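Trainee: In the order they appear, the protein sequences are chains H and S. Residues 1 to 249 (the working numbering) make up the first sequence, in order. Residues 1 to 249 (the working numbering) make up the second sequence, in order.
Keep in mind that a hint or two might mislead.
Which copy? The list can't say, so a pair holds if one copy fits it or any two copies do.
[Unchecked claim] Here are the simulated DSSO-like pairs of lysine-lysine, each with C-alpha atoms no more than 27 Å apart in a straight line: (1) Lys12 <-> Lys102; (2) Lys162 <-> Lys198; (3) Lys233 <-> Lys55; (4) Lys234 <-> Lys162; (5) Lys12 <-> Lys144; (6) Lys198 <-> Lys48.
Don't read these hints as lab results, they were simulated from the structure. Values in this document were obtained by computation on a predicted structure and should not be read as measured data.
There are 2 protein chains.
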Amino acid sequence: MTTQQKKYTSEKEYLKGYDIKDYDSFLVTVDVSIFTLVDNELHVLLVKRGDYPQKGKWALPGGFIQQGKDKNLHDAALRKLLEKTGVKTFHLEQVSTFGDAKRDPRGWSISTLYMGLIPHVPTAETSDSIEEAKWWPYEEALRKKMAYDHKKLMQEARERLKAKSGYTVLPMYLLKAPFTLTQLQQAFEELMDTTIEKKSFRRRIQAADLLEEVGEGLPEGGRGRMAALFKPKKGSCRHAFVRRFGSEE
Amino acid sequence: MTTQQKKYTSEKEYLKGYDIKDYDSFLVTVDVSIFTLVDNELHVLLVKRGDYPQKGKWALPGGFIQQGKDKNLHDAALRKLLEKTGVKTFHLEQVSTFGDAKRDPRGWSISTLYMGLIPHVPTAETSDSIEEAKWWPYEEALRKKMAYDHKKLMQEARERLKAKSGYTVLPMYLLKAPFTLTQLQQAFEELMDTTIEKKSFRRRIQAADLLEEVGEGLPEGGRGRMAALFKPKKGSCRHAFVRRFGSEE
DNA sequence: GTAATAGTGTCTCTAAGACACTATTAC
DNA sequence: GTAATAGTGTCTTAGAGACACTATTAC
């Protein structure tokens, strides 16, 4: 709790005298807001807490950094995502970090929020965990009572996803490849809560050269004319369009 | 270090049995990359570490969260900024969080990086601190050996500043109000490392209605015709233009 | 008058918006 | 043929880019 006052004469000597347990303790966690589309509707993965604290409430998958398992924050978020979904192809990005004295009754708590995007898979059967994991329609999750400040975290991830959909191709990470341009457009429309003009959408996507054509076909259950099928090109998630879709907010 | 296995029957009982010191310890810090313009050149505020660890190296202002002083992360960053500059009008935003096992030799360390923008003030005379604080031209700071991974943090804040300059009016927070449109344009040009066409710049800024005219005058040392003077309107930092300045990167 | 800086008029260019049109498939 | 979906042609519109022009100040 107190700052070291003793004077040291070298870095090495200083480190010998340092004991981390002499200082304030913190709860250090990562939480992941994992999104997917089920029948063109945005869903979020929540887990039901099987034990205290906040037993019985729905929460974002996440938890303490484990110093033995996690080399860094990103690894910790990856670990949580893999444990919950078992999916290997996905997009994962840091959103922001929440830290304050009151968000967790156990102490000063800090949580780094990640946003994960994956194509839909049924939730892994609760293997070694007592926790129940379930995809919820986002709008329904919004109406739930959630653990801690997880609703605020989920909403911030949702806002990031909406904002970035306006000038990137992030929504493609919610689709199982290969997908058609119509499917992709519908994903954009769901995420941005608007309609997009078909010609504008296709012009933009095709001019940017972010997708690779992988044949022709129909999306499952589709009717009508065959459509070109695409998969993401590598690195395309980093593309930022000069102009956003939609009008001034 | 171990997860609680004992079964509790209520939240209250669980909390009674919980001791934060039983778990992994972390170094929890905030660091602030504070930028300003001196004669139209981007500068960053660095402090010279007066004691171990990393004694003698230049670092971003920052340090441990103090549970007694800081209600939350943002407060902690504000405290650091005030301690170092004494300035009251500024922009402060979270950039991202770096956490890994190796960035600090004392243990698993997590640092939330903030970006601060202020009009230029001479650095506060090192009041109660042994640390020396100094504005460095950004390009010069880039060539320095810096403490820990602070150079990476500084660069990430710089990138955020450059990116947001393309579609917001953030650079105005680097200028002392009132300022002229020409001064503001020069700030944009310095931050984005490009030139902007004068008419395009004025059209955009004036159409967005983000500035309030506060008379006419000359910037200090200026020659030529009188210019309109402006100050930021409240909330204008949240405006995002639909289209970015400059071409596709 | 000149030098310097502020500010405008106006044409071009890019990319989005609107919307009607044609093309291909299953039945 | 019809229904359904894929994909195109082309005109309009918003806003950036280019650049020449006028306006106001100090000297």
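Trainee: Evaluate each hint against the coordinates.
Mentor: Hints versus structure:
no. : hint              : verdict
1   : Lys12 <-> Lys102  : between (37 Å within a copy, 16 Å between copies)
2   : Lys162 <-> Lys198 : within (19 Å within a copy, 32 Å between copies)
3   : Lys233 <-> Lys55  : neither (43 Å within a copy, 47 Å between copies)
4   : Lys234 <-> Lys162 : both (22 Å within a copy, 25 Å between copies)
5   : Lys12 <-> Lys144  : between (52 Å within a copy, 23 Å between copies)
6   : Lys198 <-> Lys48  : neither (40 Å within a copy, 57 Å between copies)
In this structure, the hints that do not hold are numbers 3, 6, in rising order.
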